Amino acid sequence: MRHSTPSKDENLWEYRVVLVEAICEEEAREKAEILGKDYETTYEALKGDFVTWKFIQVDSVSEIEDEGLKDGSELFSRFMSDSTVKSLLTPFDD
1 MRHSTPSKDE NLWEYRVVLV EAICEEEARE KAEILGKDYE TTYEALKGDF
51 VTWKFIQVDS VSEIEDEGLK DGSELFSRFM SDSTVKSLLT PFDD
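FYI, the working numbering numbers position 75 of the sequence shown as 75, with every residue one higher than the one before it.
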């Protein structure tokens with residue numbers, strides 16, 4: 001999802017991980033795209049700017065191989081470089 005505000009020079013992005021139940025990868029991707037589009041919205045922020053959240057794409061689809069979800073089931077992980085971690089840990093300017 002991309003967040004855009006006309007008064008800002010740079011967009012804010014959200015990387016969202018969602019769980020969908022599907023019988024195949026194609027169905028999972030289609031469901032994820034529908035969910036992403038359902039999250040699109042535009043609203044007026046407190047300072048009067050209009051904020052738009054726009055769905056861009058489904059990045060990836062991964063099967064959860066656990067036999068049933070339970071406490072401690074891993075849903076998502078990725079390996080990152082030091083520079084990526086540093087970027088992720090840097091707070092946004094308000």
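These are calculated hints, taken from the structure and not from any lab test. Note that the coordinates shown come from a computational prediction; the quantities given were computed from them, not determined experimentally. There may be inaccurate statements among the hints.
Listed below are the simulated DSSO-like cross-link pairs for lysine-lysine, each with C-alpha atoms no more than 27 angstroms apart in a straight line [to be verified]:
no.: 1; residue 1: LYS54; residue 2: LYS31
no.: 2; residue 1: LYS47; residue 2: LYS70
no.: 3; residue 1: LYS31; residue 2: LYS70
no.: 4; residue 1: LYS37; residue 2: LYS47
Using C-beta positions, here's what the derived DEER-type ranges look like [claimed, not checked]:
no.: 5; residue 1: SER81; residue 2: ARG2; range: 22 to 30 angstroms
no.: 6; residue 1: ARG78; residue 2: VAL20; range: 38 to 46 angstroms
no.: 7; residue 1: LYS70; residue 2: LYS47; range: 26 to 34 angstroms
no.: 8; residue 1: CYS24; residue 2: ASP93; range: 22 to 30 angstroms
no.: 9; residue 1: GLU44; residue 2: CYS24; range: 35 to 43 angstroms
no.: 10; residue 1: VAL51; residue 2: VAL85; range: 35 to 43 angstroms
no.: 11; residue 1: SER73; residue 2: ASP93; range: 20 to 28 angstroms
no.: 12; residue 1: GLU30; residue 2: ASP71; range: 16 to 24 angstroms
Glycine included, C-beta positions come from ideal geometry on N, C-alpha and C.
Comparing the hints with the structure gives:
1. LYS54 / LYS31: Holds: LYS54 and LYS31 sit about 17 angstroms apart, inside 27 angstroms.
2. LYS47 / LYS70: Distance ~43 angstroms between LYS47 and LYS70 Cα, so the pair is violated.
3. LYS31 / LYS70: holds (23 angstroms)
4. LYS37 / LYS47: Given that 27 angstroms is the threshold and the Cα spacing comes to 26 angstroms, the pair holds.
5. SER81 / ARG2: 22 to 30 angstroms: holds (23 angstroms)
6. ARG78 / VAL20: 38 to 46 angstroms: Violated - the Cβ-Cβ distance for ARG78 and VAL20, about 19 angstroms, lies outside 38 to 46 angstroms.
7. LYS70 / LYS47: 26 to 34 angstroms: violated (44 angstroms)
8. CYS24 / ASP93: 22 to 30 angstroms: Given a distance of about 43 angstroms, which is not inside 22 to 30 angstroms, the answer is violated.
9. GLU44 / CYS24: 35 to 43 angstroms: holds (41 angstroms)
10. VAL51 / VAL85: 35 to 43 angstroms: With Cβ atoms ~28 angstroms apart, the hint is violated.
11. SER73 / ASP93: 20 to 28 angstroms: violated (36 angstroms)
12. GLU30 / ASP71: 16 to 24 angstroms: Cβ of GLU30 to Cβ of ASP71: about 30 angstroms, so the range 16 to 24 angstroms is violated.
The structure fails hints 2, 6, 7, 8, 10, 11, 12 (numbered hints given earlier, in ascending order).
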